[in-house]
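Undergrad: Read off the chains here:
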Amino acid sequence: MTIKFAELNIGEAIPSYTANPITRTDLVRYAGASGDFNPLHHDNTFVEVFGMKRVIAHGMLIMGIAGEAVTALVDNKNLRKFSVRFAGMTEPADFNDFENTKKRATITVSGKVVNKFEENGEKRVKCDIVAKDALGSTKLSGFFIAAV
Amino acid sequence: MADKSKLGYEFPAHTFAVEKGKIVEFAMAVAQKDSKDKIKPIYADAEAAKKAGYPGIVIPPTFPTCLMVSTGGGLMEIVQTLGINLGRLLHAEEDYEYFGSICEGDTISGRMKVVDMYDKEKKGRPGKFMEFTTLETEVRNQRGELVLKARSTMVER
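Chains A and B supply the protein sequences, listed in that same order. For the first sequence, position 51 (counting from the first letter as 1) is numbered 50 according to numbering that gives the first Met the number 0, and the numbering increases by one without interruption. For the second sequence, position 40 (counting from the first letter as 1) is numbered 39 according to numbering that gives the first Met the number 0, and the numbering increases by one without interruption.
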């Protein structure tokens, strides 16, 4: 499952990960699982007060998806740092217009190796990551550091 | 508008029992799956987790948000305590530093602190500011071992 970072050079891409188009059901499931019940993520009558057309995904769901991408490459126990900056909101796909709205809700996480170094007596790798929707809009950028 | 007098404020110490069902539920949510049979076995099956080198099923990397979100009476009360306008609130940054594994059966605790509050002028809108609040939590397990440092930055746009 994990990849051999020894074979990757600085600047080389890491395998990307594409999640399923995010639906409102995903947002409700994440709200329940995380305990983040900000109505911004499920209640249209709330977001309309603030001039928004739709609910938006939790930033932490997008980071959670990025976490799926990261742990597809490194074991959880080898992860040392995971840091992101949120760059844009993600609207879920509409159930009644799925084909036309799924691109804005389909997140792909990609990245590249930016450093290889030793710290605390172990070999570590640092990778920059970015999560974008299928229209090319950036949702978050950041990095992870893992022992390899 | 965030209440700048809250800089340095510490929320009451908060303890969170890491239950197996909660890990499964969280892992399903970030994997967008509706069954525990469709997530990675290390998040649902103790035997598989042990084979992978953990004492029991292990948390996904962003699971610690559950501890922070349930601090101080929950997110809505955190926001009230800090004087943040919920309608303008967005998450700006999230940062985790891991020092040890967190697994089912662990009890994790921490005190969330307000470590920074600052304004940034909006691009192209002089005199209009975005307000940032940074919260930091050192998380220890039931043995007192430091397992995680978490840092969250919220913004009122």
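Check each hint, because a few of them may be wrong.
Said to hold, decoys possible - In silico DSBU-like pairs for lysine-lysine, Cα to Cα no more than 30 Å straight-line:
#1 B:K35 x A:K101
#2 A:K76 x B:K127
#3 B:K37 x A:K101
#4 B:K19 x B:K148
#5 A:K76 x B:K32
#6 B:K148 x A:K131
#7 A:K3 x B:K122
#8 A:K111 x A:K3
#9 A:K122 x B:K49
#10 B:K127 x A:K80
#11 B:K35 x A:K52
#12 A:K122 x A:K52
#13 B:K119 x B:K37
#14 B:K19 x A:K76
#15 B:K3 x B:K32
#16 A:K3 x A:K131
If you are wondering where the hints come from, they were derived from the structure by calculation, not from laboratory data. This structure is a prediction, so every number in the text was calculated from the model and none was measured.
Undergrad: Hint by hint, say whether it matches the structure.
TA: Right, here's what the structure says about each hint:
1. Proposed proximity of K35 (chain B) and K101 (chain A) is supported: the alpha carbons are some 25 Å apart, at most 30 Å.
2. About 43 Å separates the Cα atoms of K76 (chain A) and K127 (chain B), which puts this hinted pair outside 30 Å; it is violated.
3. Taking the CA atoms of K37 (chain B) and K101 (chain A), the gap is about 22 Å. The hint holds against a cut of 30 Å.
4. Between the alpha carbons of K19 (chain B) and K148 (chain B) the distance comes to roughly 22 Å, so the proposed pair stays at or under 30 Å and holds.
5. A C-alpha spacing of about 23 Å is found between K76 (chain A) and K32 (chain B), which places the hinted pair at or below 30 Å, so the restraint holds.
6. Distance restraint check for K148 (chain B) and K131 (chain A): the Cα-Cα separation of roughly 27 Å lies within the 30 Å cut-off, and the hinted pair is therefore satisfied.
7. For the suggested pair K3 (chain A) and K122 (chain B), the alpha carbons sit about 42 Å apart, so the restraint of at most 30 Å is broken.
8. At most 30 Å may separate the alpha-carbon atoms for a hinted pair to count; K111 (chain A) and K3 (chain A) meet this at roughly 14 Å.
9. Only pairs whose Cα atoms come within 30 Å are accepted, and K122 (chain A) paired with K49 (chain B) is accepted, the gap being roughly 24 Å.
10. A C-alpha spacing of about 34 Å is found between K127 (chain B) and K80 (chain A), which places the hinted pair above 30 Å, so the restraint is violated.
11. A hinted pair counts as satisfied when its Cα atoms are at most 30 Å apart, and K35 (chain B) with K52 (chain A) does not qualify at roughly 33 Å.
12. For the hint pairing K122 (chain A) with K52 (chain A), the CA-to-CA distance comes to about 47 Å; that exceeds 30 Å, so the pair is violated.
13. Restraint check: the Cα-Cα separation between K119 (chain B) and K37 (chain B) comes to about 43 Å, which exceeds 30 Å; the hinted pair is violated.
14. Between K19 (chain B) and K76 (chain A) the CA atoms are separated by roughly 18 Å; this keeps the pair inside 30 Å, and the hint holds.
15. Only pairs whose Cα atoms come within 30 Å are accepted, and K3 (chain B) paired with K32 (chain B) is rejected, the gap being roughly 41 Å.
16. About 25 Å separates the Cα atoms of K3 (chain A) and K131 (chain A), which keeps this hinted pair within 30 Å; it holds.
In summary, the numbered hints that this structure violates are 2, 7, 10, 11, 12, 13 and 15.
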